[in-house]
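Asker: The primary structure of each chain is shown beneath.
2 protein chains.
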Amino acid sequence: MNENRELDGIHFLFPVGEKTPAKSQKSFTGGDVYHFMFIPHESKLNCPLGNVTYTPGSRNSWHAHPGLQVLLVTYGRGWYQEEGKEPRELHAGDYVVVEPGVKHWHGAAKDSYMAQLGFVANCPENSTLTFEHVSDEEYSKLP
Amino acid sequence: MNENRELDGIHFLFPVGEKTPAKSQKSFTGGDVYHFMFIPHESKLNCPLGNVTYTPGSRNSWHAHPGLQVLLVTYGRGWYQEEGKEPRELHAGDYVVVEPGVKHWHGAAKDSYMAQLGFVANCPENSTLTFEHVSDEEYSKLP
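Going line by line, the protein sequences match chains G and B. Under this note's numbering, the residue at position 121 of the first sequence is numbered 121, and the numbers go up by one with no gaps. Under this note's numbering, the residue at position 39 of the second sequence is numbered 39, and the numbers go up by one with no gaps.
Chain G extracted, bound-state conformation:
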């Protein structure tokens, strides 16, 4: 595993890991996203834990987890939004508890990196339901 904590001249608290491959382009948009998995997506543990680093402008797609998810922001500024609700601005030290099945997205601000730990508890088969991208029109309205 790549334990590098440096990316684009920034020192992050936890390992940045690898750039998300092109095959995951359905799950992310707007820029590069890096993943480091402390606990991989294995059915045995049923509880993935990873560090995700979003470059400015990048965000994941609208998605939902069958299990409870907790996000813990360790660097920068970004956004979290649940379907039908206003976007919530996130900063280092903030955390979000995402209830099972809630459709949501998260990612960096347009002018900032955001690093966050994320894990999903008791996620049957670790399956994530991925929906549409957060459109440039929606995203560009955020400060």
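Think of the hints as simulated: they come from the structure by calculation, not from any bench. Among the clues, some could well be false.
[Unchecked claim] Not everything, but these chain G residues come out facing chain B in the computed CB check (under 7 Å):
| hint | residue |
| --- | --- |
| 1 | LEU13 |
| 2 | PHE38 |
| 3 | LEU49 |
| 4 | GLY93 |
| 5 | ALA121 |
The beta carbon of each residue, even a glycine, is placed where N, CA and C say it ideally should be.
Position chain B relative to chain G; hints supplied.
Answerer: Just chain B now, with coordinates in the frame of chain G:
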């Protein structure tokens, strides 16, 4: 829940929470320890996630978890030791994967606070086997 991130003049990344009550004195020694639970010890989720802040000199007892544990250090300096192995010095940004059933302890250095996220995956009944305190004799040998 107490969302305070300040303790003894230090600003921590995540909430410090509440001082561990005296009834937990079997599990800790050497000073005050604070806990904030993002996911509480509930059998339904089977996957507790918490932030633990160790004041200088404090550490937990030798213990073991039936499930895999991951520790993520967010502040300060401290120690992690598995039974029969040398102590490993920990700093902010370090992480430890504790295999199921491995007897171990962790805590602050004698002259530093240490804050760490910790969670246990797939821990049947969330039970932790707690053994003896880390003795002052053992602990005092550490720098």
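Asker: Please go over all the hints and tell whether each is borne out by the structure.
Answerer: Each hint tested on the structure:
Here the hint on LEU13(G) is kept, as its CB sits about 5 Å from the closest CB of chain B, short of 7 Å. For PHE38(G), the suggested interface contact is upheld, since its CB lies about 5 Å from the closest CB of chain B, less than 7 Å. Look at LEU49(G): its Cβ gets to within about 6 Å of chain B, closer than 7 Å, so that hint holds up. Taking 7 Å as the C-beta contact cut-off toward chain B, the hint placing GLY93(G) at the interface holds, the least distance being around 5 Å.
The beta carbon of ALA121(G) is positioned within 7 Å of a beta carbon in chain B (closest approach about 4 Å), and the interface hint is therefore held.
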